[in-house]
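> Taken in order, these protein sequences are the chains called A and B.
For the first sequence, my numbering gives the first residue as 1, with consecutive numbering after it.
For the second sequence, my numbering gives the first residue as 1, with consecutive numbering after it.
Because the hints were derived from the structure by calculation, they are not lab data.
Just so it is clear, the structure is predicted and the values come from calculations on it, not from any experiment.
C-beta: ideal position from N, C-alpha, C; glycine also.
Treat the hints with caution; some may be incorrect.
[As the list claims (entries may be wrong)] Computed footprint of chain A on chain B; a stretch qualifies when at least three of its residues, placed anywhere within it, have a C-beta under 8 Å from a C-beta of chain A: (1) 21-32; (2) 61-73; (3) 84-94.
[Claimed, not checked] The calculated SDA-like cross-link candidates involving lysine to any residue, where the alpha carbons are at most 25 Å apart (straight line), are: (4) A:K106 to B:D82; (5) A:K106 to B:E42; (6) A:K85 to B:K35; (7) B:K24 to B:G61; (8) A:K127 to B:D82.
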Amino acid sequence: MKKRYWRCFVCNDIHYGIAAPELCPTCKVLNAYVEISAEEARKTLGGGPGVSLTPDEFRAAVERFAAGQEFQVNPDREKVDLLLKGIFENERNHGLKYCPCRLRCKDWDEDLRIVCPCNFTIHESYKGVPNGECWCGLFVRRT
Amino acid sequence: MARLLMFHGRECPHCMRMMPLVEKLEAETGVHFDKHEIWHDEENADLMRSYRPIIAAECGGQLKVPTFLNPDKGEAVCGEMDYEKLKDWALKQS
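Construct all of the structure, not just a fragment, from the sequences and the given hints.
Here it is in C-alpha cells:
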C-alpha cells in the first residue's frame with residue numbers, strides 16, 4: 001500500500017504513512033488527521049520554525065532513541081564521530097541523513113530505507129547476531 | 001590479472017579499516033583494486049549503481065560499502081573482513 005500524507009486539523013502535525021494515526025501524538029485529539037497533498041505537507045513542514053539538528057543534537061537524539069532498547073549507540077566515540085560526520089555530509093550534499101556505509105540508488109522509497117537510523121533490527125548484521133550491530137556500526141547490541 | 005574494483009565511502013569506518021588491508025594485499029600479491037569513493041564523487045556512485053544487480057544480490061539487497069567487485073565474472077563481496085578472507089576472494093578471481 002502506498003504511503004500518503006496526513007495533517008492534524010488541530011495542531012498541524014504531519015504524518016506520512018498508509019493510514020492516519022488515531023490519536024495525534026502532539027495535541028492528543030482523536031481522529032484529527034485529514035489526508036493532504038505532498039505539496040501541502042512540504043509547505044506545512046517548510047513554513048514553520050527551522051528545526052535543524054547539529055551533530056551533537058543528533059547524537060543526543062539517537063542516544064534517547066536507544067535508551068531502554070536492546071541496542072545502544074556504539075561506545076567507540078571515534079567511530080561515532082566519523083559516522084556522524086558522514087551522515088551530516090550526506091544530508092548537506094544529498095538531502096537526507098543517508099548511511100555513510102551504503103549508497104542510495106535514486107529510488108525515493110528505497111532510499112528512505114538507508115536514512116539513519118534505519119530499520120537495522122531486521123538486518124543480517126544485527127538480527128540473531130550476539131554482538132550484532134547496524135551495518136555502519138552506529139548502533140550495537142547491548143551486552 | 002582480473003580487473004577488480006573497490007567501492008568505499010570516505011566516512012565509512014569499515015572502509016577505513018579495510019583500506020590498509022587492501023594496500024597490503026596489493027603489495028604482497030600484485031592484485032590491484034581500482035578504488036572508487038561513492039559519496040563525494042557522483043561518477044563513482046553511478047558506476048557502483050550500474051552494478052546494482054550483482055552487488056545487491058551478494059550484499060543483502062542493497063548497495064553497501066566496502067564492496068569488492070569483479071565486474072567481468074559478476075562476483076562481489078561486501079563488508080569488513082579479515083585479510084585472509086579478502087586475499088582468498090581476490091586470488092580466486094584471477
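> Going through the earlier hints one by one, which of them does the structure break, listed in rising order?
1, 3, 4 and 7
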